[in-house]
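Engineer: Each chain is listed here by its residues.
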Amino acid sequence: MTYYLARRMLSFALTLFAVSIVVFAAMNVLPGDPALTILGLDATEDALAALREQLGLNAPLVTRYFLWVGHALTGDFGVSHSFGVPVSELIGERLPLTVSLALSGIVLTVVLALALGVGAAANHGKAGDWGVMFLSQIGIAIPAFWLSMLLVILFAVKLRWFPPGGFPGWGEPLDAMRSLVLPTVALALVQSAVLARVTRSSVLEVMRQDYVRTARATGFSHRRVLWLHVLPNALVPIVTIVGMQFAALVTGTIVIENVFYLPGLGRLIFQSISNRDLPTVQALVMLFAAIVVTANFVVDLVYVLIDPRLKSRA
Amino acid sequence: MTRKLPSNLLIGAVLVALVVAVALLSLVWTPHDFAQMNIRGKFAAPGAEHWLGTDQLGRDVVSQLMAAARNSMAVAFIAVLLGGSIGVALGLTASAVGGVFEEGIMRLADLGFAFPALLFAIMLAAVFGPSLSNAVLAIAFINIPIFARVTRASANQIWMREYVAAARAAGLGRFAISRDHVLPNIAAPIIVQATIEFAVAILAEAALSYLGLGAQPPAPSWGRMLSEAQTLIYLAPQLAIYPGLCIVTAVLGFGLLGDGLRDVTDPRLSRER
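Sequences listed follow chains A and B, in order. Residues in the first sequence are numbered from 4 upward in steps of one, following our numbering. Residues in the second sequence are numbered from 2 upward in steps of one, following our numbering.
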């Protein structure tokens, strides 16, 4: 158990280290002069040299990498070229919105997927099962940003129940939550289509086991056996997919925030690209990649909790 | 023995044939020039002249959708072929060489999974500026670890077969065995994976173009049409419908075809699906 944890922690740390090298290399080794990008083509050579010195671009690449990582570990991601404030400040302002969106998205995904998946499995071969399978097949093929636009057309343009986009700020909690409803639904519907399928096939697999028949024969109700005996044993593949989906959902927020004009990290990344604001892009890409890696790491830990057999195997 | 073909295979094949046929047709014929603007004829209603009407610049919607189909197919084809070839080569080599090399390749593949196509495209766009070729590279990149894993897992099973042992005994080298014996025997799972990744690539291209990281104007793209339609959502909501339906048709088609092919080539997996 301790060995398994230590191994997973080590590989988690190594992956993060490797990811940081890839991000840094992609943004710094590739051709292009950040000073020239910031000041423009008609900048004087003196000004360029001064800015290069100020940005620390004259130091060797390896030194710059370790400086970047060292500072990043203390929460210092440098200063944004376009906003003129520390990148960490920009991230701090926008993080709550992105986190709220991702968390509400994953909660809705899991609730919808478990209800649909378990329901489909319980009605295996009947109309409800086929309906869920059909809908999830379509759901997998729908781009989240197009679904968002359909939701906007229906619920914002026609019915006017929700705003079509924008965010009023956390000062008005009710309006803030209202403006997150459509983005959350758009994120969750597509992801739950995938998860519902996995839930269904995993539950069906467990329902064939002998102990399920025994539990039914003992006189437990169908519903009780389904939720208390079958579902817990069907969780391993479901948790795997949830972990992968959380990663997809977090990067999905980048797209969704742009559809709904939400001022989160995803919008920030795009503003930074158009402003050629490399320190900000670099910090945000690293942050998103780190979230993906962390989600996978957490899945590995959760495995041990829900399937004790894995402890000994590792 | 006549076994019924799975319905997902049939429906998928029909949808894929439809999309590919439209993409090919657009090379030689579209009802109008897809880029031809006609401001006076903007937002025309569907009719005999413009089957699905015109957009905010008076361009024919059907012609744009058709031209976008070939863009979508080309991007998906190049990206999956490029990423798939590299991934298959890495997976085959990893399986043939084994040991530290295999371990190294697979850990690198794990690293690749930390970068969704979107993040990779964002990095490329930040450094080189947004372009369709960067989008293709980003989509190709995410395919490398996927194919490397599938290939290695399938190839490792083949290496344990007796006919491989016989080939080794006959003096064939690792490279020759990989090419002549392993690859032909793992073609099925690779083709299935490629079909599924084709669907993923179509979705990714649409998302990247929608975000402005893919096809640049005036290149036709379903994703870019949607981003233009979004600004007109109160004025002409119908423009936001058609490109999305095209994406869903193409993605659904390749997804179903991939599932169907898997059911046919690997019957163990097909039950309960």
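Simulated from the structure, these hints should not be mistaken for lab results. Do not rely on the hints blindly, as some may be mistaken.
Unchecked claim - So, partial list: chain A residues that the calculated Cβ filter (under 10 Å) puts toward chain B:
no.: 1; residue: A16
no.: 2; residue: V26
no.: 3; residue: A62
no.: 4; residue: I143
no.: 5; residue: A159
no.: 6; residue: L177
no.: 7; residue: N236
no.: 8; residue: A293
Said to hold, decoys possible - What follows is a list of derived Cβ distance ranges for each label pair:
no.: 9; chain 1: B; residue 1: T266; chain 2: A; residue 2: L138; range: 24 to 34 Å
no.: 10; chain 1: A; residue 1: S277; chain 2: B; residue 2: L109; range: 29 to 39 Å
no.: 11; chain 1: A; residue 1: V184; chain 2: B; residue 2: L246; range: 19 to 29 Å
no.: 12; chain 1: B; residue 1: R175; chain 2: A; residue 2: E208; range: 36 to 46 Å
no.: 13; chain 1: A; residue 1: T5; chain 2: B; residue 2: A75; range: 50 to 60 Å
Backbone N, C-alpha and C define an ideal beta-carbon position, used for all residues, glycine too.
Engineer: Is the hint on A:A293 kept, meaning its closest Cβ partner in chain B is under 10 Å away?
Structural biologist: holds, 8 Å
Engineer: Taking the beta carbons of A:S277 and B:L109, is their distance inside 29 to 39 Å?
Structural biologist: Taking Cβ atoms as reference, A:S277 and B:L109 lie about 32 Å apart, which means the hint holds.
Engineer: Check the following: the C-beta atoms of A:V184 and B:L246 are separated by a distance inside 19 to 29 Å.
Structural biologist: Roughly 25 Å apart at Cβ, these two residues keep to the hinted range, so it holds.
Engineer: Should the hint that A:A16 touches chain B count as held when the rule is a Cβ pair under 10 Å?
Structural biologist: violated, 13 Å
Engineer: Regarding B:R175 and A:E208, is the given constraint of 36 to 46 Å on their beta-carbon distance met?
Structural biologist: holds, 38 Å
Engineer: Can we keep the A:A159 interface hint, with Cβ of chain B closer than 10 Å?
Structural biologist: holds, 8 Å
Engineer: Mind checking the hinted window 50 to 60 Å against the Cβ distance between A:T5 and B:A75?
Structural biologist: Taking Cβ atoms as reference, A:T5 and B:A75 lie about 52 Å apart, which means the hint holds.
Engineer: Can we keep the A:L177 interface hint, with Cβ of chain B closer than 10 Å?
Structural biologist: Hint on A:L177: violated, closest Cβ of chain B at ~25 Å, above 10 Å.
Engineer: If you check the beta carbons of B:T266 and A:L138, does the distance land in 24 to 34 Å?
Structural biologist: Taking Cβ atoms as reference, B:T266 and A:L138 lie about 27 Å apart, which means the hint holds.
Engineer: Does the nearest C-beta of chain B fall within a distance shorter than 10 Å of the C-beta of A:V26?
Structural biologist: holds, 7 Å
Engineer: With chain B as the partner, please determine if A:N236 meets the hint condition of a C-beta pair closer than 10 Å.
Structural biologist: violated, 16 Å
Engineer: Grab the minimum C-beta distance from A:I143 to chain B and call the hint holds if it beats 10 Å, violated otherwise.
Structural biologist: holds, 6 Å
Of the numbered hints stated above, those contradicted by the structure are hints 1, 3, 6, 7, listed in ascending order.
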